[in-house]
Structure formats: structure tokens, C-alpha cells
Amino acid sequence: MTQRVQSIVIVGGGTAGWLTAGIIAARHQGRMKSGFTVTLVESPSVPIIGVGEGTWPTLRSSLQKMGVSETEFFRNCNAAFKQGAKFARWTTGADDDAYYHPLMLPQGFTQVNLAPHWLGGNSGRTFCEAVCPQGQLCDEGLAPKMITTPEYQAVANYAYHLDAGKFAGFLQQHCTTKLGVRHVLADVTRVNQSERGDIRSVDTQQAGEIAGDLFVDCSGFSALLLGKTLGVPFKDCNDVLFCDAALALQVPYETPDSPMASHTISTAQSAGWIWDIGLPNRRGTGHVYSTRHSTDDQAHDTLMRYLGPEHAHLTPRKISFRGGHRETFWKNNCVAVGLAAGFLEPLESSAIVLIELSAKLIAEQMPANREVMDIVSARFNDVTHYRWGRIVDFLKLHYVLTRRTDNAFWRDNVDPDTIPDRLKNLLHLWKYQSPWFFDEFDRLEEVFPAASYQYVLYGMGFRTEVEPGENAGTEAMAARLMNDNVALTRHMRSQLPKNRDLMKKIFEYGLQPI
Amino acid sequence: MSNIVLLDSQSHRKLRVHTQAAARFGDNQRFVAVVVNEFHVLAMHYPILFSKDADTGQFYCGAMLGFDAGENLFLDEHRALSAYRPLNLQRGPFLTSGPDLAIDLDHPRVAPSGDQELFTEAGEPSNYLQSIMGLMRDLRPGLERTRIFIDTLLGLKLIEPVTISARFDDGVNREFTGLYTVNRDQLKELADAAVLDLFRRGYLQLIYLMLASLDHVSVLAQRKNRSFLP
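Sequence lines, in order, name chains A and B. Position one of the first sequence corresponds to residue 1 (our numbering), numbered consecutively onward. Position one of the second sequence corresponds to residue 1001 (our numbering), numbered consecutively onward.
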């Protein structure tokens, strides 16, 4: 007899647990009447780590599909707009060294690749400026939409900065009251397995035994189910990405009306980098660094120097982490999502987007029964491996293009032995052709599209050779698109409000659903 | 820009106000906010739609009077009092502040040459001022009723965007965006209980007045085309 997959048990209740619960429950609402259940078991005593305050635009559709009101989300999670990231001092370390990785695609990206046209021209503009308005919007502190723009719709593509601790609580409320997710506050004391190794149930101290057909491990770094119970080892990637500690500090604004950036500011330091993100009520900052290249005291001084003497009385919180991921993500009837699957430095806000993509894949490919589960899990592992690999490559890209030599951290980062072969090959290839379609980033849901590679490569001064005559066929179209971009930039700058002003209006009036 | 003060029978005893419709007095609006109490008379002349306040993003109801910014195709009728003039145009320089009447002293209608006095020789409110007080008694609760009507429709997902676009005899294609109307398909899908509730609250009638009023768009377009005739 086939064993149907009807009851999903999620262990762990942080961002990963509740996002996964919400995405699965929303996708399978129709089956709830016929016995499909989503149960989330959360320890009443384990604190939420609250990783990542940066997200990708995918979160907009994830929240919308779950039936969340964007206005409520802004108000309850201290969320704010994010239009991309500004990377300062990554290339030369000089004061004026900075580039944007915006969230808008280059103009006409699906029709023509503007990169060779920009490379072959001499407009005097940066790549980002030449192909999309968003860098200038960020420079001027403008919001990506207006108060009349409906919820989840954008004038300029956007994601969010958010308070991860509040986000988990907000999702919990939504999942339990609107989506029928069962919430069990209990400590898991024992994991019960069948003969072939499947997880049959978990025993809990407060709520007895909880059985399930599919278990999702969202238990954080401890990886209680996939790691501890099923013995899937952790694969370290510290040989590629050196950072292994962070000092995090929440910083108040000077006044409640101080301007707030609508982009993440990432400023390179001698042995790592500092993040700086604007929430409505505070800034979230932190210094990510390599303990092989910096002492904790040095890192502390670096962060405090960045923040200035007015914040000298604040004490940052240290978080140590091991960059890497599980060797496999779905084993038997257990799949890991979030920190239980792995963690990488938050340079490109990959944590939450990876949770969404994993949860969506589980929800969309939900195996009907145990017999077909291994087919689905093999796929899931293949795709998820690919994603982690691409994220590692993309993060490393930020380091290998540096010309900084002021610290062994930067010199070690360009050591070819620390660069994954795949990235090495791509860098070789990109000397002669720029990434676009037909490159290998062709998966249905690529974490970072070819456009992201373009923004980082050409933002950091990488040059791709342009063959004589290569641009001839698309010259007119490219010129038109670049002119369109100038007009669009002018239009958006005249139309869009200041980021702070729009946030205040959202708190006061809310955004309309349509 | 504006200088709004509470109306006072002593300090404002000598004020006079222009009441006739004219572009220079601010009647040149292509879309003017209206309240649900007016729908039945508005629907005889104008398309009634929803739009969003540019400053707050909140929905409001409005009557469409023209196609281009600053174009009121009904100015003549309003001046001749031959077509209903929306309350928001009738109220001229007056506003309410809680239960009290306020006036914008910098409004172009407030001038010594105005055709109406506010107070009589004896210091009593003039007939004109009394009519304004009456108007405000309609307008103030009307705003609240309109807000509840809109919230109800939003909750039922009954509001949808609509773009009014037409090609005119001057060869120019005009698009009027940022407008919304009632979603007919969604209306048909409503559960019986919701329909009954809308009916009992008088909202079903308002909805059908709005939908029927959309036919005035073509009448408005003909009116505009006539303005291109030599």
C-alpha cells in the first residue's frame, strides 16, 4: 500500500520555519479539508537567531501568495525598501571607490545585451548609470514607489530590509490564524525512526509524540533532524569565503526624521566588510570579518571607527559562524531549510531568498506518496546544490576582482587556489564575452541572474573584450535603450518621493491593495 | 497658498464672496471629489469614479468633468445653474473644522467685489452663508459615509483600475489614468449574503449608479469634440 504524504511537520520556528510553513500551507490550502496538515513544532526556550535583514524581490511574491497585507508587513516587521546594494571600497579601497548592484535589470535586458555596447562606448557613465535608473534613485534617497502605487507593485524593482525577529512572529500570527498551520510549543526530546531510516515521529517534552510523513528541519545551526539524526555531514567552504565572525550592532537614527537609505551599504574593511541597512526605527550594522586575518579587538575598532564617536557607548554582539552547507539537503523523508541547510556570509542577502526558493520547491513538488519521494528529493538536492554553488561563486566574485592589497585578507582572496574552478573558468570566458542569456545561468529560478554578474563585474572595473563589428547589428537598438534610460531616470526622479517620507505615509495611511 | 481661519461674525463681518462658476475661481478641475449623498444627482451628468489622493494614497469618489488637466467642460452650465454643481465646487472658500465653519481668506473667491455678503447689516448670517451651512451639514457626514462605502468595496475586492482613453477630433489621443471603478465580474461572483448586505446598506444602488454613469464618458467626449468646432 502506498503511504500518502499528508502530514508535514516542521521542526523549528524562526524565519525559515514560518516562511516554509506559510509557503507550503498557502500552496496546499485546497487539500486542508481532506486531511493535509502543516504542523510547526517550536521550542519555547531556544531563541531565534534572526539571520539576515536583507531580502530579494522574490519575497514580495512569496508574501503576496501567502495572503499577507504588505502594509501590515511594513508596520509589524519594521520593514523598509531595499533597491539593491552599494559596494564601497571593494575595488581599490579609495574614498570614491563604489558601485551599485541594483535590483532593476538593465534596460531591454531580454532583447539586447547592453554590456558590450557600454564597454565599446565612452559615455563617461558607470555601467549601472548607463543601463538603469536605480543607482541614481539610491543616491538621492528616493523610494521605489509612491503612496498611490498598490501593495507589492513597484515603480522601481525592490526587496525589503526587515527586523528578522519581528518577521518570524508576524508570519507565525498569519500562518496560524489565516492558513491553518498548527503551532506546537514543545521541546523535541527524541527523534523516532523507522527501519529504513525515515523519521516516523518526534517525541516532545510538552506535547507528546508528533508523527509526520515529511519532516522539514528548520532547527537552525544544530540541524537536529538532518544533521544529528540522519548524520548528513556539513561541508565547509571557509577555504573559498574566509569570513567566519560578525559583530552586529543596532544603531539609532540621529532624529526620527533622519534620511534612510533605500539600499544596503556594504563597505569593505581591511579584513572583511561592514553592512549598514536602514529600517524605519533604526539602522542595522555589523562587521563581518575573518578571524584568521583580524582579532576581535581589531574588528571592534573597525566597526566603531565606521560608526563614529557618537555610538562609542554601544556594545556589539558577536556571532561566530561556519560558512558552508550540508552535503545533501533532503534525505529519506527529511529536508532541511534555512540555517539547518547551511549559512554563508550575508554579502548578497542570500539566506532568506534561499529559504523561499527551497520552500517553494518543496511546496510545488510535494510528493504525493513515500514511493515517489526519492525522485523528488533527488531533484531537490540537485537544484539546491547548484544554488549553493552559484551563491558561493557569486560571493567570491566580489572578492576576486579586488585590487586591494592592504591586508593579507585581500591578497589571500585572489589566490587562485581559493577560487572554485567553475568561477575561474567563467572569469576566463568573460574576458571575451559578457554574461547574458545563453550563458549558463539559465535555470528557471536562478538565485542571481546574469544581470547581477554584469553589475558586479563592470562595477569593479572588469573588462570584456569587444570584437570589432560585434555590436553593429544592435547598435541602433542599444542607443535607443540607453536614451530611454536617461528619460526614464529623469521621469522617476521627478515622480518618486523620499524614502523616509514614503515610509512615514505607509505607517500613517497604508498602501492600497489595488 | 492658503490662510484658513475659523469664521467669525465680528472680524469677517464685511467679507464678500464670488459664488459664480469660473476658471479663475478654481472651477477648472477635470475631476472633483464627491460624496455618496450626491450620487443620484451626479449620475445624471457625470461619470462617477474612484481615484487615489496623491498625498495619502487613500481612495475617494470623484466626478469626471473633463479630459485634460484643468478642463471643466461644464463651466457654462454651472454658471447658468442648469446642471448640478458638485458640493465641493459649491462650497467655494469654506471648509469645516470639526463642527465649526472655516474660511480660506486667500481663496480667489474672497474679494470686496464678491456678489454675496456673509453677514447682514445686523450681523446675522446672510441667506448665502446659511446655504453654505446647510451644504456643510450634507458634506461632512457624506465624507464619512463615502469612506465606509469605499472600505466596504475594497474589502470585497470590488474596485478595479480603469483607464479612460479616447481619440479626439484634434487628432490627439488622450488617456486619463489613475481611475478606478466597480469590478463587474467580481460583483457577479459575490456570495448571496454579501449582496443582501450591500442592498440593505444602499450600496447596491450606489454601485449601479457608478456603473451606469460610465456611459457619460462618451457624452463628455462629444462635448469636448464640439469645442474643436470653429
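Calculated from the structure, these hints are not laboratory results. Incorrect hints may appear among the rest.
Derived DSS-like pairs (lysine-lysine); straight-line CA-CA distance at most 30 angstroms [claimed, not checked]:
| no. | chain 1 | residue 1 | chain 2 | residue 2 |
| --- | --- | --- | --- | --- |
| 1 | A | K360 | A | K65 |
| 2 | A | K235 | A | K396 |
| 3 | A | K33 | A | K360 |
| 4 | A | K318 | A | K396 |
| 5 | A | K33 | A | K235 |
| 6 | A | K166 | A | K178 |
| 7 | B | K1014 | A | K65 |
| 8 | B | K1157 | A | K505 |
| 9 | A | K65 | A | K235 |
| 10 | B | K1224 | A | K33 |
| 11 | A | K228 | A | K166 |
| 12 | A | K505 | A | K396 |
| 13 | B | K1188 | A | K178 |
| 14 | A | K504 | A | K178 |
| 15 | A | K505 | A | K431 |
| 16 | A | K504 | A | K166 |
| 17 | A | K65 | A | K228 |
| 18 | A | K65 | B | K1224 |
| 19 | A | K235 | A | K178 |
| 20 | B | K1188 | A | K360 |
| 21 | B | K1014 | A | K33 |
| 22 | A | K505 | A | K65 |
| 23 | A | K498 | A | K166 |
| 24 | A | K166 | A | K505 |
| 25 | A | K178 | B | K1157 |
| 26 | B | K1188 | A | K166 |
| 27 | A | K65 | A | K498 |
| 28 | B | K1188 | A | K504 |
Some chain A residues well away from chain B (every beta-carbon gap over 10 angstroms; in silico) [unchecked claim]:
| no. | residue |
| --- | --- |
| 29 | S61 |
| 30 | G141 |
| 31 | M146 |
| 32 | T148 |
| 33 | G308 |
| 34 | K431 |
| 35 | E508 |
| 36 | Q512 |
Pairwise CB distance ranges, derived in the manner of DEER restraints [unchecked claim]:
| no. | chain 1 | residue 1 | chain 2 | residue 2 | range |
| --- | --- | --- | --- | --- | --- |
| 37 | A | D374 | B | G1155 | 55 to 65 angstroms |
| 38 | A | H428 | B | D1055 | 20 to 30 angstroms |
| 39 | A | G30 | B | V1195 | 24 to 34 angstroms |
| 40 | B | G1070 | A | A312 | 53 to 63 angstroms |
In this text, all values refer to a predicted model and were calculated from it rather than measured experimentally. Don't be surprised by glycine CBs; every beta carbon is placed ideally from N, CA and C.
Checking against the hints above, which ones are violated? 5, 7, 9, 10, 12, 15, 17, 18, 19, 20, 21, 26, 28, 31, 32, 35, 36, 37, 38
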